[in-house]
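Chemist: Sequence:
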Amino acid sequence: LYSPVIPSGARDFLQNIHNGLLSPFLYRGEGNDVERAEQLYEQFFDEPIQKAERVAIREALQATADRDETKAGLLDLDQKVVRLALQEATVTEYGDWGTVEIHERYENSTPEDQEIFYSFSLPESAAINGLWLGTAENPKLFPHVVSPRGAAQQVYNDEVERAKFQRATDPALLEQVGPRQYRLRVFPIPSSTATDSRAVRDPGELDLTMTYDVMLQPDVGWALPQLSEKRNIFWTKKTEHKRGNRTVQLDEDEWFETAIASQKTPKPSSHQIAFSEGYRVIAAPLTQQEKQLPTDKRIAVVVDSSYSMGSQRAELEQAVAKLQEAAKQNTLDYYVAIAGQSAVSTQSDFSAKSTIFYGTLQPAEMLEQFAQQRAERAYDAIILLTDKGSYELAKDKAEIPALSAPLWIIHLGGDVPSAYEDTLLQALEDSRGGVDTQVLPVLQKIALAGKEATVLDGYSWKVEPVSESAEPGKEVDGFAPLAARQLIRQQGRVLDTTQLSALDKVHAIAKQTSIVTPYSSMLVLVDERQREALRKAEASEDRFEREVEDGQNDLTQPGNVLAASVPEPGQILGVFLMAIALITLKRKSVRTTPPQI
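Number 145 in the numbering used here belongs to position 145 of the sequence shown; there are no gaps in the numbering.
Keep in mind the hints are simulated off the structure, nothing from the lab. Even glycine gets a Cβ: it sits at the ideal position worked out from N, Cα and C. Hints are supplied without guarantee of correctness; some may be wrong.
Result set (EDC-like, lysine to aspartate or glutamate): computed pairs, CA atoms no more than 20 Å apart in a straight line [what the hints assert, rightly or not]:
hint: 1; residue 1: LYS353; residue 2: ASP333
hint: 2; residue 1: LYS291; residue 2: GLU325
hint: 3; residue 1: LYS291; residue 2: ASP457
hint: 4; residue 1: LYS388; residue 2: GLU229
hint: 5; residue 1: LYS505; residue 2: GLU545
hint: 6; residue 1: LYS140; residue 2: GLU107
hint: 7; residue 1: LYS242; residue 2: GLU205
hint: 8; residue 1: LYS140; residue 2: GLU88
Per label pair, the in silico range of CB-to-CB distance [what the hints assert, rightly or not]:
hint: 9; residue 1: ALA261; residue 2: GLU545; range: 41 to 47 Å
hint: 10; residue 1: THR287; residue 2: THR265; range: 17 to 23 Å
hint: 11; residue 1: ARG531; residue 2: ILE356; range: 52 to 58 Å
Sequences and hints are given; from them, build the entire structure.
Modeler: Set out below in structure tokens:
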């Protein structure tokens, strides 16, 4: 800092001493080295550096005056900031389908407003149909609106950005970011309050309620959300996890148990409901014949060889063994995608033991390599064997090659990614494929290829014009959210979703039935200013354009300590004390060193 008290010659002298003492301990590189380091780390380790090295980065931040941003990013993945004080889950049963209601209360004991983030999955046929924010006295004080995915994302992010300059009001955003993946963000969880500076601060509180419809899974029960990632939120042994009139104990990283047991034992049955758009959706339990493995199919198996797959080598060997067993009545061709190459290598068999895993690959790159190598070979299905991957490394509007067969992505290790980039999500829908963590369910669905129905969660879902004869079943209005999910899925395949008119059409179905879909998100707004911002965003041409949320914390860069500015008086004193200490140690060393003979 400039100080008129110290003459310029003395300032330069002190600065030179300061620089000389510190320079051996500091990295002196180019201004863009941070960005280059991030890119090189991602290219080799297949993961963002802020995610993989978040503990070390947080420790470094604590040693500087710099702070990260308010938004919950990758550095906040395992941070304990906002406490989950109460969690309730209840089920209203309607035979073989039901409505699950989740209610949570958050406590923020910090002096700053905070954002919380959940990434979770539900069964693929489930339909989220409600989201509210409120208080302990009125948990459903502020209801949701269903909005185009891009408009909802823009309004929410603008509100978080606005909080840097003035106090924000509570919005919440719930998005579908994969066939079964969802992302929930709430900001702000209000800061703690106190009547005076000496009083104990009361934590800021906020309540959230979410509802979804789901089919009963035999021998499992009513499926609960399964956590992929959480940021800024934590729970302790004092957190109440209520399930009706009982409580459960959960581990630190377990948001919910797998399912709630059904109080009844209903048999799976058929359901149907007609929509004003001129279609009827029919859901029917699968028969044993529909659970058979494929025969006489030609299947392309694309194998991810990126660095992160090295930890899944054993899982990959098991998956290949199961595919080889199925290959006795089918034909399998293996394509190994390699980082840094333009085309995969093709082989009739595959061994994980001899594979070298390195570099980073995104699904779009693997599919592009496959498309270049397969030439004119036709397939009945494409299976991509990969791991959870890093959605944060995906690019907006990634180029996905045209797929002539259903694409099935099998994520090894038991976890699906936190999200998919929208063009990959659309490619999965258009190809009539899907995702799973196991080989067997995918093979059963491949066996049913060519049929009009979609197989999900033990049921066959069929969409047909109302004018055609319907299968036996009872029309149930309450079943509309579940049926609407499948109607939107079918419409997303047959319509040209590159056109706004087509996207508006599928969004209208979601809005009418109040559900979250890959095209429509839920947004909770609490004041007229936010609602006006949403109206403007919904009228824009890019209302369905959703950006990849890379989760990177926007960190400020520490100032250059070797710059020509003058150190603070405390720093000057520290420099002189360090110099005196070094001189003293040197003299002491000289006196205590015995003479050489």
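Chemist: Are the Cα positions of LYS291 and ASP457 separated by 20 Å at most?
Modeler: Distance ~12 Å between LYS291 and ASP457 Cα, so the pair holds.
Chemist: Holds or violated: 52 to 58 Å for the Cβ distance of ARG531 and ILE356?
Modeler: 55 Å, holds
Chemist: When you check the alpha-carbon spacing of LYS140 and GLU107, does it fall within 20 Å?
Modeler: This hinted pair holds, its Cα atoms lying about 17 Å apart.
Chemist: Measuring from beta carbon to beta carbon, are ALA261 and GLU545 in 41 to 47 Å?
Modeler: 43 Å, holds
Chemist: Would the pair LYS140 and GLU88 pass a check requiring their Cα atoms to be no farther apart than 20 Å?
Modeler: Distance ~14 Å between LYS140 and GLU88 Cα, so the pair holds.
Chemist: Regarding the pair LYS353 and ASP333, is the alpha-carbon distance no greater than 20 Å?
Modeler: 18 Å, holds
Chemist: Is it true that the CA of LYS291 sits at most 20 Å from the CA of GLU325?
Modeler: Holds - the C-alpha atoms of GLU325 and LYS291 are around 16 Å apart, at most 20 Å.
Chemist: Quick one, are LYS505 and GLU545 close enough, alpha carbons at most 20 Å?
Modeler: 16 Å, holds
Chemist: Using the beta carbons of THR287 and THR265, state whether their distance is inside 17 to 23 Å or not.
Modeler: 20 Å, holds
Chemist: For a C-alpha distance cap of 20 Å, please report whether LYS388 and GLU229 respect it.
Modeler: This hinted pair holds, its Cα atoms lying about 12 Å apart.
Chemist: Sort out whether GLU205 lies within 20 Å of LYS242, counting only the CA atoms.
Modeler: Roughly 19 Å separates the two Cα atoms, so the pair holds.
Going down the numbered hints, you'll see the structure goes against none, and every one checks out.
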